[in-house]
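S.K.: Below, each chain spelled out in residue letters.
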Amino acid sequence: MTDSGAAPREEAGRPPVAAMSWRDVVFESFAGMFARPGRMLLTVLGTTIGLAALVATLGLSQTASQQIIGRFDELAATEITVSSLPAAEGQPSNALPWDAGRRLERLNGVVSAGTLSAVDVGGRLVRGSPIDDPRSRAAFKITVQAASPSLFTAVRARVASGRLLDGGHSLRGDQVAVLGPNAAEQLGVGRLDGLRSIAVGDDVFLVIGVLDGVERKHDLLSSVIIPEGTARALYRLPAPEAVVVETRIGAASMLSRQVPLALRPDAADGLKVASPEQPQQVRAGIQSDLDLLFLMLGGVSLLVGAIGIANVTLVSVMERTGEIGLRRAMGATRRHIATQFLLESATMGAVGGVLGASAGMLVVVGVAFYQTWTPVIGPWIPLLAPVVGGATGLLAGLYPALRAAGLEPVEALRAGT
Amino acid sequence: MTGWSSGSTPGRGPGADVPPLVHLEKVSRSFGADVPVRALREVDFEVASGERVSVVGASGSGKTTLLNIIGCLDRQTSGRYWIDGVDVAALTDRGRAGLRSREIGFVFQSFHLLSYRSVLENVMLAEVYGGRERSGRAERALAALDAVGIADRADALPTRLSGGQRQRVAIARAIVGRPRILLCDEPTGNLDSATTASILELLGSLYDDGLTIIVITHDAGVAAWAERKVRITDGQIQDTA
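From first to last, the protein sequence lines are chains Y and V. Residue numbers in the first sequence follow the working numbering, run continuously in steps of one, and reach 1113 at the last position. Residue numbers in the second sequence follow the working numbering, run continuously in steps of one, and reach 288 at the last position.
Please note: incorrect hints may appear among the correct ones.
[Said to hold, decoys possible] If you only want the chain Y side, here are some residues facing chain V, beta carbon under 7 Å, derived: (1) Met716; (2) Met1026; (3) Val1106.
[As the list claims (entries may be wrong)] Coverage of chain V stretches by chain Y, computed from C-beta distances (three or more under 8 Å per stretch; other residues unrestricted): (4) 116 to 122; (5) 135 to 149; (6) 163 to 174; (7) 177 to 187.
It is worth saying that the hints were derived from the structure and are not from the lab. Ideal Cβ positions, reconstructed from N, Cα and C, are used throughout, including at glycine.
With the hints as extra help, turn the sequences into a complete structure.
M.R.: This is the structure:
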């Protein structure tokens, strides 16, 4: 092909060579596409659907992960967990005070704070039924935890049935318990229509509530939770193990410096203040997992679109065998034919990319609107979609184009007669 | 006279003192590998520049195969072939395509017009692969259509034309690039006798302008139109008259 429209210079004694300007290549490709508008629309539709699916899945991935990450960030940024470090030998204990929750709730920026301790029940098993039935397993090794009433607020606990512990239970040392949903299921405790009791070893507890879920300290879901006062009386709990603090957004950093002083002004260095997880890594992990999942879904959609293009282009080549023969008879080289068909399929792919990107964006915005989310989509996605569409069209058109180019002129003319 | 010149220097027959424009020497063409069918058997054939030759023969005699080889649409299995002294067998695909685009015009029995392009665009298509300038392409195509007497239908689609009109468009497309050789494969095979006569008259005027014309035909009338008639039987040239 020549870049100019001028005929190639013929050297003396040499035969002329076939040449075609780029403008002619583009014109012939477009003319070929518009020769069968219905076929062109179907081909473009295949790519449009593929690219729309790709853009929509990537956009939804970004939007959904932003929602999840935002939620995670909000939780992570408003949580402080305080625990005591082991005291050096000969030094006074670094134990947390029993009124840790009340102390911290006086601080500006604290929403709620509650103490939580794993209770050493001496290896006793927990039973859901007072009757010991030898035919079925009725006793389980379940974690028993002691909690202050305000802990349930700090971990954002939701109640499925019954009620939560209160300060009176702790003060009186009542033998009552709240069950995490997993523990309740294991012990066969469903709805609390009547009085239900469980036994930790020989100590019987009245089940007053079953949790539906918590947003922090997920080990509570599989635990039996009893009042701190009861744990102190029955199992000699020496001190709270940890304080869970929910803060206002933006206050965690400042409070993490104030909390040790508020709890133990005499031994602030003996307390450990920590965030539960490492937000950066978890955020990256969530984003990566979602991206991979949605990219795979989009890739499959795109593959389906590419197969559609390849199929329609192949049919087009077969339909236009006579035309290919005629063009070859008029001087088209194999390269001219291949270029024309490749340009056709790449153009249709690119057009499908533009339409698909638009449709995909609409889907993302529509879903986000319905879910009251903020639609998030990388600017490179809609910009890159036509390029991906064009490349898909190019790859999909490769085999049909090579097949068209491989036709001998005489065979093509005969087949197209 | 159409006033349409190929721009060549006609030799006017084999006796002229110029080398042949088309020269085949012991050209054979076989099809199939296991039991080859020999469509052409060591054919020796020459056509001088400006000559008007008809090739006649029964179906399957090898006349279309001969035309395909002369038109560089097919390759011979053995033998040698020159166009104006250029060894065609030694040419690349691009070189052969170049010969087709610049030196040879084709007229087919079934016209081979693109149904979705106008008459003018069909004729202009012939110049696309010759690398000629785009400017003036429409004017040259219109001149070719005028030469074959159908310029008034330039904007029509081929599907709106009669058989004779379509063949005129095909002839205009074949001559617009000013080739030196016009190869016609049963050009009147799909036409009635009156239209056949008008097409032959048109071809005659192109011949008068110096175009070398080789016509493949079943039709004795068309064969008689040529100044030299070649009969081909079972892939071999039997006689010339």
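S.K.: State the violated hints by number, sorted upward, taking the hints as numbered earlier in the document.
M.R.: none
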